[in-house]
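> Chains as they are written, first to last, in the UniProt record's numbering: chain G, 1 to 334; chain X, 1 to 351; chain U, 1 to 317.
If you are wondering where the hints come from, they were derived from the structure by calculation, not from laboratory data.
Any given hint might turn out to be false.
As the list claims (entries may be wrong) - Pulled a few chain G residues facing chain U out of the computed Cβ check, cut under 10 Å: (1) Val6; (2) Arg8; (3) Leu9; (4) Leu10; (5) Ile13; (6) Thr15; (7) Ser29; (8) Ile140; (9) Leu147; (10) Ala153; (11) Leu155; (12) Leu159; (13) Ala282; (14) Ile308; (15) Leu322; (16) Ser325.
Unchecked claim - Reference listing, derived: stretches of chain X covered by chain G, where coverage requires no fewer than 3 residues with Cβ under 8 Å from a Cβ of chain G: (17) 84-90; (18) 203-210.
Bear in mind that the values here come from a model prediction, so they are computed numbers and not experimental data.
Every residue, glycine too, gets a C-beta built ideally from N, C-alpha and C.
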Amino acid sequence: MVRYIVRRLLQLIPTLFGLSLLLFAWLHSLPGGPEAALLDVRATADTRAQVRRSLGLDEPLWIQYGRFMKRLAQLDLGDSFSTGTPVVEEFGRRFPATVELTVAAMILAIGLGIPLGYLAARRHGRLLDILTVSGSLLGICIPIFFLGFLLKALLAVKLGWFPSLGRQTPGLDATRVTGFYVLDGVLTREFDASWDALKHLVLPGIALASIPFAIIVRMTRASVLEVLGEDYVRTAEAKGLRESTVRRRHVLRNAMLPVATSIGLLTGGLLSGAVLTETVFAFGGIGSFLAEAISNRDYPVLMGFIMIIAVLYVLINLAVDLSYSLLDPRVRVR
Amino acid sequence: MALLEVEDLAVTFHRRGTEPVRAVDGVSFTVAEGQVVGLVGESGCGKSVTSLALMGLLAKRGVTVTGSARFEEADLLQMSPSSMRDMRGARMAMIFQDPLSSLNPVVPIGLQVTEVLQRHRELRGDKARAEAADLLDRVGIPDPTRRLKEYPHQLSGGMRQRALIAMAVACRPRLLIADEPTTALDVTIQAQILELLKDLVAEEGTALIMITHDLGVVAGLCDEINVMYAGRVVEAASRRPLFARPVHPYSVGLLASIPRLDAPRGEKLTPIPGSVRDNIAWADGCAFAPRCTHAVEACVEGPPELTRTYTGHAYRCVNPVSREEAEAVAAPAVLPTPSLTEATPSEEESS
Amino acid sequence: MSAKTDRIDRLAELTAARADEGGHGLWYEAFKRLRRNPMAIAGAVIVLVFVLIAILARVLAPYEPDAQTWLGETSTATMTFPGARAGNLLGVDHLGRDMLSRLLIGSQQSLLVGVVATVLGFSAGALLGGVSGACLGLFGTAGRRVDAVLMRFNDMALAVPSLLLAVSVATLLGQSLITVMIAVGVTQVPVFARLLRGSMLAQSHSDYVMASTALGVRKSRIVLNHILPNSLGPVLVQVTLSLATAIIEAAGLSFLGLGGVDAAHPEWGFMLAESQQYLSGALRFAVYPATAIIVTALGFTLLGEALREALDPKLRK
């Protein structure tokens, strides 16, 4: 087990190396440079050159790359061009927002998706099943940003049930501890702050949850349908076990195996895929910051963020594989 | 008083857009206390569906079950789902064909045994575990305490089937239904499993319904035999008369198609021509007629009635096989007794 | 994106078990099943109507999409815009243009984006996946190395958020519809590559490949004549599904302003983006193009899902 984890983590090194090389080449092949974003259009060529020099962009690319790698070896990702703060700090400031949003979305998607998928499978071919399947197909087809709009226009602007923008009401003077606003409120016993942050999470959470929800519902349904036809479920029934035991121990435990994998992968995807939602709700996570960084050619931010995301992605995948081997005794980690 | 009396059992499957399929069509038979009854026939003849119907394990939707099945004074077919649940695993139990797919792959063997004990005998914790180990020991699984913690994929095929049998006999049921329990196993293991079943039912006086396509299995085990074809019982008799003097051409065909070691070199097997697909509907005549070597005009003039002789031999045929002809096929086959189950006492491999 | 990985692999497994059904070929059987499936019929009808509208858009549209005929009647200050009425069946937008005409013409852009992006993603992805799979099957250890390297890169591409990939393509090429096509197409490449390779891998474990090998058929022949053609089922499903994804993603990119502004060629995603400012006064500005996007995507999705079911050996009978 430990050897397996170590081996997987060691494999991360060449992958990251390859990724950094590709990423570097790709970013520097984009036309324009950070000075365009930092300077006025009227800035003279001289000023531009000066800025480029100060950012170290006048040197040959391989030297720049070498410098990046040298810093990386010391776990330093450099400073953002546009804000001047270290990339790690920028990441640390924005990442909790994205995590909070992702977790909220996944709780919604899992909490609704698995029960609904299970019920649909039990009522295979009946109204609930048909509604669930069509609903989930619709969920895949609704563009996230439109769903965001719709929720904002109806539930926030028109009905005023939920706030429409941001992570917390600006006037609220909440104490920051971890950067996870809901958690901070609980830690500092400022429960109103938690409640406020929670309310801010609802709409973007729903918008972001739509696609994973649709996928989880359909996977659960398909998986439960498959398991219900398995011989061991019939054996369990033949043993006269209570329906709840059959459901829990024999149907769900098996049906959840593929769903568990996809939940892990979906979470990894959401972490990096929340750009549109964060934009619509001005949520201030890493997604919208990354989109900004691209137009600003903020190379350190782009390199740093994407590489951190890649590491997280690999770690999540590792966690998924490990949890899979715990859930399914047939899969042994070697 | 018989333990189980099945009367006119019929199972029909309905599917939208297709004709309803009558998988079991007026099957009647009885099982006495401690008796071993065989249901024999090729795949698709309705023998498994019969057993599933008795256990109440058929899907609720799209299936109609009619007739009656009196078991211990109650009709299994009229019983509420919850009383069926109390009955299954406790008073009647079932063993399935494929031991690997019939065991839950992600639950340890031990739990799969103890859950029955907990449900029907209210045994919990260490008591249940001790009893489970005892059960595994009784069905011939060595080192039972260790096996309890293992998962189905860690056991060999024979061990898995033994574990399934342990679960089935855990509550000392009065009736055990075994649906092709040896089909998925190696020949040597088959014999051991049959021997085990035989011992278990003899010890406890459990009645057993043995479902199989293998006449060899039936010969060594069953007291009464029902040969099924296309959803109906076509011949029913005790073991000796059936093997000594089969009457229905289908039974004769089954016997004749068994390869024999004592056959002369170069002699060809005599298979039953055609396949189940050639069947005609029972309403139009004998379903077996298109494949039957004894078919006459009368076969397709209407469904043949069940004829009962004074010896208890019953058959459903208008042109039964004559004595001489039947004895020609049957004679050498007369009971491979004492029984093939004693052939190989070798210890099974354990992974 | 990442969640795709698992789905792709499951899809790839579909070809693994291929029952030999008497008489008719797999595709014939699949077609027969499709015809019985109401989901497939619904999807096909939607897709057909959509394609017809796109082809005949210029004929069907009552007005030029960029003619600001009713500009005088609109007021962004008071949020008054003429709604549905005779002559403007779906009302007038914030610049006094006929909504219906803009929607109809917009279907052309969506179809174009969907098809071009999918063709692009499919051909590049199939090439990559096909080469990778063929290397794995044909060239022993060296082939396995090539395959491993290609797939490692492919997985990395899957890990990079597709929207960022698209945004950077847009930065490279400037803002235009072609950018959106290429951007969306690029994000589809790794999906197709992984799918085709997985499908080929599943095929290579099948009994008939073993049988051909045992008969001494040359490896190249097995790969090209047997494995490749039999691996295309899931890819076809993905093509259909990808048309839906492409239309949705294209709308997302237009929404972020990467599609460029071209009044004469309205695009549903851009219309949706424009509508954001008028949400409080005229929700319909958003609802119309959104409905168009959703219905079209739904059509392709239904068709794709039905196709998947029709080709799935597990779901047969």
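> Evaluate each hint against the coordinates.
Going down the list of hints, with the structure as the test:
1. Hint on Val6 of chain G is violated. Least Cβ distance to chain U is approximately 19 Å, over the 10 Å limit.
2. Annotation: interface hint on Arg8 of chain G violated; nearest CB of chain U at approximately 14 Å, more than 10 Å.
3. The beta carbon of Leu9 of chain G comes no nearer than 16 Å to any beta carbon in chain U, farther than 10 Å, and the hint placing it at the interface is violated.
4. Contact between Leu10 of chain G and chain U, as hinted, is not supported at the beta carbon level, the nearest pair being about 14 Å apart and thus beyond 10 Å.
5. A cut of 10 Å between beta carbons decides the hint on Ile13 of chain G: the least distance to chain U is about 13 Å, and the hint is violated.
6. Annotation: Thr15 of chain G was flagged as interfacial toward chain U, and the flag holds, the nearest CB pair being 7 Å apart, inside 10 Å.
7. A cut of 10 Å between beta carbons decides the hint on Ser29 of chain G: the least distance to chain U is about 7 Å, and the hint holds.
8. At about 6 Å, the closest approach between the beta carbon of Ile140 of chain G and any beta carbon in chain U falls short of 10 Å, and the interface hint on this residue holds.
9. This hint holds: Leu147 of chain G has a C-beta 9 Å from the nearest C-beta of chain U, less than the 10 Å allowed.
10. Evaluation of the Ala153 of chain G hint against chain U yields a held restraint, the C-beta minimum of about 5 Å falling below 10 Å.
11. Because the closest C-beta pair between Leu155 of chain G and chain U is about 13 Å apart, greater than 10 Å, the hint is violated.
12. Taking 10 Å as the C-beta cut-off, the interface hint given for Leu159 of chain G is violated, the closest approach to chain U being about 13 Å.
13. Of the supplied interface hints, the one on Ala282 of chain G is violated, with its beta-carbon coming no nearer than about 13 Å to a beta-carbon of chain U, more than 10 Å.
14. Taken as an interface hint, Ile308 of chain G does not check out: its beta carbon lies about 12 Å from the nearest beta carbon of chain U, beyond 10 Å.
15. Annotation: Leu322 of chain G was flagged as interfacial toward chain U, and the flag is violated, the nearest CB pair being 16 Å apart, outside 10 Å.
16. With a least beta-carbon distance of about 16 Å to chain U, the hint placing Ser325 of chain G at the interface is violated under the 10 Å criterion.
17. Counting residues of the segment 84-90 of chain X whose C-beta lies closer than 8 Å to any C-beta of chain G gives 7; at least three are required, and the coverage claim holds.
18. For the segment 203-210 of chain X, the stated coverage by chain G is not satisfied: 0 residues place a CB nearer than 8 Å to a CB of that chain, which falls below the threshold of 3.
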